[in-house]
Structures are given as structure tokens and as C-alpha cells.
Amino acid sequence: MNFDIDPADVAFREEVRAFLRESLPADIAERNKRGFHFLRDDMREWTKILNRKGWSGPNWPSEWGGPGWSPVRQFIFEDECFMAGAPWIDTAGFKMIGPVIMSFGSEEMKREFGPRILNGDVFWGQGFSEPNAGSDLGSLTTRAVREGDEYVINGRKIWTSYVESADVIFMLVKTDPEAKQRGISMLLVDKNAPGITIRPIIDIGEGYSLNEVFFDDVRTPVKYLVGEEGKGWSYAKHLLDLERAFSAEWPRNKRNLEQLRAMAGRARAGGERLIDSPGFAARLAQLDVDLQALEWLTLRALYERKGGNTLPVGSLLKVRGSELLQKIGEMQVEALGDYGAYFYDDPHATPAGDMNWPPGPDYAPGVVADYMYRRATTVYGGANEVQRTIIARSFLEL
Amino acid sequence: MDFQLTQEQQMLKDSARRFLEDNCAFEARGSVIGNGGFDVGHWNTFAELGWLGMSLPEEYGGLGGSAIETALLMEEFGRVLCIEPYWAVAVLAAQTIVASGDQDKAGSILPALVAGEACPVVAHGEPDARGMLSYVTTSAVPAGPGNWTLKGNKSMVIGGNVADRFIVSARTSGAPSDQTGITLFLVDRSVPGVKLHDVRLIDNRWCADIDLADVQVAEADVLGTVGGGYAALDTGHAHATVGLCAEAVGVMEKALWITRDYLKTRKQFGVTLSSFQALQHRMSEMLIELELSRGMVHKALSTMNASPEVRQLALSAAKVHVGRSGKFVCGQSIQLHGGIGVTEEYVIGHHFKRMTTIEYALGSSHFHLEQLAAMERKRVA
Ligand SMILES: Cc1cc2nc3c(=O)[nH]c(=O)nc-3n(C[C@H](O)[C@H](O)[C@H](O)COP(=O)(O)OP(=O)(O)OC[C@H]3O[C@@H](n4cnc5c(N)ncnc54)[C@H](O)[C@@H]3O)c2cc1C
Ligand SMILES: Cc1cc2nc3c(=O)[nH]c(=O)nc-3n(C[C@H](O)[C@H](O)[C@H](O)COP(=O)(O)OP(=O)(O)OC[C@H]3O[C@@H](n4cnc5c(N)ncnc54)[C@H](O)[C@@H]3O)c2cc1C
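Residue numbers (my numbering), protein chains in the order written: chain C, 1 to 398; chain G, 399 to 779.
Don't read these hints as lab results, they were simulated from the structure.
Do not rely on the hints blindly, as some may be mistaken.
[Unchecked claim] Subject to a maximum C-alpha distance of 30 Å in a straight line, what follows is the list of computed DSBU-like cross-link-like pairs (lysine-lysine):
1) C:K33 with G:K725
2) C:K223 with C:K191
3) G:K665 with C:K180
4) G:K662 with C:K237
5) G:K503 with G:K593
6) C:K180 with C:K95
7) C:K327 with G:K725
8) C:K254 with G:K725
9) G:K665 with C:K237
10) G:K662 with C:K231
11) C:K180 with G:K662
12) C:K33 with C:K48
These figures come from a predicted structure and were not determined experimentally.
Construct the complete structure from the given sequences, taking the supplied hints into account.
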């Protein structure tokens, strides 16, 4: 073992910082530091800026057109971007369907989508979950029937994040209703295809990013079948593994903790700063300990990825990372005092971009909205209970 | 000791549950929220049923009940997530007025309150107080004989958007955290210099932030004695705290049963969710936390006539426990529902939101734990 940091990686961090100082538009950074849902336009613009620099797709190897960074550089890059307030690049495109297309898709599919993902020209909705197939994805019932060179899709998906501003939906469908998991295929569908109806679902932060999507005789060309028919389940598992490797949400946890520190230094209680309360400071310190543990397990996971580790580290990180996000959020709300109960509208959701906010400190808007929305972190990407079962079965062999 | 309800108490509980489930259920809240959390019809019914005077002395038109009756009602309000400002008016304001010892003012306001005609609320909270009851920076400066000028800001005055008058705490002497030197003033909502800023809260109740810019008040507007407001606030808040904790028990309990029912019907992996032992144990923990919190409410109720110190320790302990249990029970209720739990349309997330606002009202569990920790230091020293 050797835990020395490569000086070249230190220099890389500086390079990323300098780039962010020059290239990240201030208004985008300001919006993204708030807890409200991000704007797709910000994400698009930022992806284009990154692509001009050759840094789009930080987790993509160079043969796919990415920068081909080592795991630790990907980690540094995400960390710096997030701390600076850069938008997430499209997780669905870069970390889920992109790698699946590049690994299993046809040459035509790679050519069609690879460059468009890198340039932020195509955004994705992930159509996996259904009303009766959430944790138990294998029991999905949306049907796709082949008719000539098209598939005809009927069914219903739910919880499809950001599909309202997506261009393409990648979805799991039943192509063989008899076989359970072998009968599942992965299809790409134009979001604007006739027969698609989208019903918005508002979350308890009163934000909008969730949807129910109805498919009524929706047609998609057979060339949009990903890989082989009936293999959708194994592609989905591949993709969910990729998703979970990042599910500690280390950068988000780190930034939220930083924000909490800033609040604790400014908020006052009974005449003293919140941070001067020993109890509050001790709980903050405890969160920092949790964060450090998460950082080092994430780093280990990234390094060991190449060697193919057996520890179900994605599940471990998912469980603790999501819990930490909720705990930090809880202390942020606490730091707001009375203003933690006030409803703040998302100013960016209004055309003027400006609202008559209720009174309170400038850092208040968005905190509670995010805290509420993040109740879902322990549910989405596979509920934590399911992750624990995976850990018990796959590693402890219970 | 007897944990059984009396016949009257049982009747109160039953009739409250019936009325609230029929009229104030979650599904029916939409228009009430739009009206600033207030429905005149509901309020009149509360008055007719005697709820507004349930725990007030008979001499003021009340029914002579105690904090126990308040707690019984508040628990029922909690179950349906009632957003009407019952707690702010009929508990906090009413009990503060009684405790002020100002019989003239109590005699003129409380019968009207009981009848649903007067709607006073306490404007005491300030952003930096965070549960410290003695923390008041709003000032009352003498302005000629018998007159005062009020200046300051009050935050999160629950029901302030519909109140007809405010019981404003202001400092007539001393430093921000002193218990002495706090005076209560009755201030009409229409008095010049009172600026109200209505705010909807995340749990869909409404409050007002109040700017007091050189508000002129007279000697006749003092509630109780000059400089002697703390004791009244303390007793008013004691009733309000135990009421809030009882409400929390109602919020938790309903969340628990909604979740139990959901687990018994929702199927994944070919079986109902209720068949997973991981979830059965979670539900058991939720029930344990809920019932321990109820125990803390009982304990707090038992100290309502004890000395303020003894009472405060029990209330702080109750607030700490309820804060922890509430977060756990309502948070896990969302978790066990999965995606549907985080939707605004569905009820369970609103139990979590109400618990969140209860947790930070009248001092967070952290604040109250620190009070208890200070007590521990004294015990050991
Ligand atoms: C904010 C958000 C965004 C989402 N985005 C997307 C998206 O873009 N695309 C998409 O396809 N899906 C998305 N989802 C769906 C998400 O993956 C599912 O919500 C999740 O898999 C859980 O399914 P469910 O909601 O049906 O809950 P259920 O499967 O009904 O489970 C309910 C609860 O029961 C428990 N449970 C379930 N199974 C077990 C078990 N075997 N053992 C023990 N306990 C169990 C868990 O506590 C779980 O939370 C999103 C969900 C949310 C909340
Ligand atoms: C100090 C001590 C004094 C005792 N005194 C007496 C005595 O006076 N008289 C007497 O008759 N017995 C006595 N016992 C025995 C005691 O009742 C048993 O140890 C106990 O019932 C557990 O049985 P077990 O040890 O066989 O553990 P097991 O039944 O093998 O259980 C082992 C562990 O598995 C888990 N487990 C078991 N069942 C389940 C389940 N269904 N679901 C989930 N988890 C489960 C629990 O974590 C449990 O601790 C004593 C034990 C101890 C340690």
C-alpha cells in the first residue's frame, strides 16, 4: 500500500480549478448551489463548455471520445466541479445508457449517440420502474411487439426523472411475456413519438422532476433495440452497477457539509453563533467523520474497479452515502431555525427568475426543498433494504 | 395514577376524531390552505363543540379542563394534519392570557375567544431565539407618560395571518436573554406601524412575520405587569409544548397505521411487503418509539402543576424524545412506501413535513437536549 498522492494529480486539481474559474458561468454556479432542481439548459450549456475543452464525459475512455482519465482524476474532477457549483453532467447519458450503448450497442447506434451525448445534444429519461415493478423490476409488464422493422410499445412507466425535458427514453420492455427476466429487452424511444403521454408528479419538496409516462401504441424502429432481444436485463444490471459506483454522492455530501459549516458560522441562537454550541459542533464533526470514511471507501472502490473487486462496494456506498445526505440535510434545516419551516418557491421556475421570497437568510431558499426531495435517496437506485439484501447474499453468502 | 380516560375524556376524543376525520381530513385541505389555513365554518364548529374553551377556567366561559384535554384534542388534530390555528389561539394565546394574571383583560378577551369571535395569537418568537424563551430583542421604549413605542421583528407567528390582535413580547429593561424586563402588549393588527408578511409553511399552515416599526401602545395595552411577562409566557408555552408533543404523537401514530396497511397490500417479488422481516422489525421499532413518546407526553402532563423548573425538565425531555421518534417514524413511513412516499399528492410525506416543523418549533430537540445537559452538569457538580 502507498497512500502518497501523485504530484501530477495535485497539479491536475489545480488545472481543473483554473478551468472552472475561467469557464463556469457565475449564474449557473449560483443556481446550482441552491437545492432546487437543476435547469436542463444549464446542464446543456455546461456540457458544451466541457466538450470544447475535451473534458466532456469524465468517466469515458478516450476510445469513446472521453478524456480517458484515471479513476482518481475522475474523482478530483467531479469534486472540484461540484464544489464550484457546476451542474451534474447528465448522469443517465454519461453513466448509464452511454456506457451500455458503447459496450453493447450497434456501430450505428454508437455513431448516432456517442458524439451527441458528449456535446450535450441529447438528454435521456430512464424508463425502468413501473407502478407494480419498483424494487422488483423483473416483474415489469410494458410490452413491445415487433411489427416489421418497428416495435410497438404499450404500457406505463413511473418515476421517470426529467423525462419532460429529455429527448430519448431508454426503457425496459417485455418482448417475451412468457419468460421472466430473459424476456426483457432494452429499447430507445423518441420522447416526442406519438402515443406518449407524460403526467407530472410533484415531490414533497414541491419540486417537479418526476413523471408518469404512458405508452399507447408507441412505435420505435428496430435499430433502436440495444444489443440483443431478451438481454435487456443483463444490460440493466450492468448499468445499475455503474450507477451505484457513484451512488455515495461524495461530492454532493461534501458540498452540503461545507454549506452547513457556512450556515453554522452565520446563524445565531440565543446570542451566540450556532457553531459555538459544543453539541452542534460535535454533531457536525461526527458528520465529517462519516464523510471521510465515505471518501476513502469511494477512492478504494475507484482504484479496485479495474481489478474487479468482490466486495459489493456500490451497495455499501449507496447505503451510507444516501443516509449521510439525509443527515446533513437534517442539520441544514436545523441551522435555518424558524426559516426551516418557511416555504420558499424556486425562483428559477418563474420567468422573471426572481421572487418576493419570504424573509430569512440568503442561504435559506432551496435547503428544505432539497431535504424533502432527498428522502428519496434511500429509495431510488434500489432501496437501501434491497442493497442490504444484496450485500448479505452476494458477499456474506447468507 | 390511572391511564384510563374518563368517560368525558373518551367522549371528547371520539367526537373530535369523528368531526376531524369527516371534515378536516387531508383530502379536504386544499381550499383551506388557499384560504390561509382558516375556515370560518370549521372554527365556528370548534367553538360550538366547546374546544376553544376546553382547557380554560369556567369564569372565562371555558369548560374548566386541563392540559390533558388539550393534549387529547391536539393528538386528534395531529392524526388528520389539521392546519387550523387551534394551537396558536386556543392553547398558546389563551393559556398565556390566563397565566398573565390580568383578570380584566382575560375577562374581556377569553369569552370572545371561546365563542370564536376573538382571535389573538402570541407574537413572541424571534429568529435568533431558537427556543430560548427569554430571548427578546424587540424593545418597548417609554414615549411620554403611560405610552410605549414598540420596535423589532417577530418571526413565525403561527396564525398571524388571520389573527385580530397580537400578544407582543417586548423588552422594557435588561439584556436580550434576561427573564426579567419582558412585557406583554396587546396590539391590534390594524395599528399603524404593524407590518405583516404572510408566509405559507412547508406543512401548509400559515404564519406571519411581523415588523414593528415605531408602534405606539398605551399603558392600557399592557397584559399583566410591566416587566413581568416571562412567567406568563413560560406557562403559556408549557401548555403549547405539551400540546405540540401530543400532536406529534397523533402525527406519528397515523403515519404508522397508514404504513402498516400499505405494507399489507403492496406486492413486490410476488409477496406483500409485510412479509419481509426487515420491514416487520422496522415497524416494530416505529411502534416502540411512538409509544415511548406517548409515555413522555404522559410524564410531561403529570408535571403541569409542578414548579416551573420541574415542568420545564419534563417538557424538554418530551421534546427531545418526540423529535427523535418523530423523525424516525415519519421518515421510515416514507421509506417503506418507496417512490409514492415522496409525492406531494400522497399523505405520508405530509406527516413527515409536519413532524419536521414540530421538531424545530419551540426549540429543537438539540436545544432541549442542551438544556438537559446543562442540568446534568449541575447534578454532577
Ligand atoms: C426521486 C426518484 C427518482 C426516480 N427516478 C427514476 C428514474 O429516472 N427511472 C426509473 O426507472 N425509476 C426511477 N425511480 C424509481 C425507483 O427506482 C423506485 O422508486 C425504487 O426502485 C423503489 O420502487 P417502488 O417505489 O416501487 O417501491 P417498492 O418496491 O414498493 O418498495 C417500497 C419499500 O419497501 C421496501 N422493500 C421493497 N422491497 C424490499 C425487499 N425485498 N426487502 C426489504 N424491503 C423491501 C423498501 O423500503 C422500499 O423503499 C425514482 C424514484 C424516485 C423516488
Ligand atoms: C445470561 C442468560 C441467562 C439465561 N437464563 C435462562 C433461564 O433462566 N431459563 C431459560 O430457560 N433460558 C435461559 N436463557 C436462554 C435464553 O432464553 C436463550 O438464550 C434465548 O431464548 C435465545 O436462544 P438461543 O440462545 O438458542 O439463541 P437462538 O434461538 O439460536 O437465536 C440466536 C440469535 O438469532 C436471532 N434470532 C433468533 N430467532 C430469530 C428470528 N425468528 N428472527 C430474527 N432473528 C432471530 C437473535 O438475534 C438471537 O439472539 C438464558 C440465556 C442467557 C444468555
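key: Restraint status (C-alpha distance of K662 of chain G to K237 of chain C at most 30 Å)   = Distance ~29 Å between K662 of chain G and K237 of chain C Cα, so the pair holds.
query = Does the structure keep K503 of chain G and K593 of chain G at a Cα separation of 30 Å or less?
reply = holds (24 Å)
query = Does K665 of chain G pair with K237 of chain C here, judged by a C-alpha cut-off of 30 Å?
reply = Holds - the C-alpha atoms of K237 of chain C and K665 of chain G are around 22 Å apart, at most 30 Å.
task = Would you mind confirming whether the straight-line C-alpha gap from K662 of chain G to K231 of chain C stays at or under 30 Å?
result = Violated. K662 of chain G to K231 of chain C sits at ~33 Å, over the 30 Å cutoff.
request  = Mind checking the alpha carbons of K180 of chain C and K95 of chain C for me, to see if they're no more than 30 Å apart?
outcome  = holds (26 Å)
task = Please work out if K33 of chain C and K48 of chain C have their alpha carbons no farther apart than 30 Å.
result = holds (20 Å)
query = For the pair supplied as a hint, K327 of chain C and K725 of chain G, is the alpha-carbon distance within the 30 Å limit?
reply = Holds: K327 of chain C and K725 of chain G sit about 11 Å apart, inside 30 Å.
message = Does K180 of chain C sit within 30 Å of K665 of chain G, going by the straight-line distance between their CA atoms?
response = holds (17 Å)
task = For the pair supplied as a hint, K180 of chain C and K662 of chain G, confirm whether the alpha-carbon distance does not exceed 30 Å.
result = Distance ~25 Å between K180 of chain C and K662 of chain G Cα, so the pair holds.
inquiry  = Can you confirm whether the C-alpha distance between K33 of chain C and K725 of chain G stays at or below 30 Å?
reply    = holds (26 Å)
inquiry  = Does K191 of chain C sit within 30 Å of K223 of chain C, going by the straight-line distance between their CA atoms?
reply    = holds (16 Å)
ask   = Do the alpha carbons of K254 of chain C and K725 of chain G lie within 30 Å of each other, as the hint requires?
value = holds (23 Å)
Of the hints listed earlier, the one the structure fails to meet is number 10.
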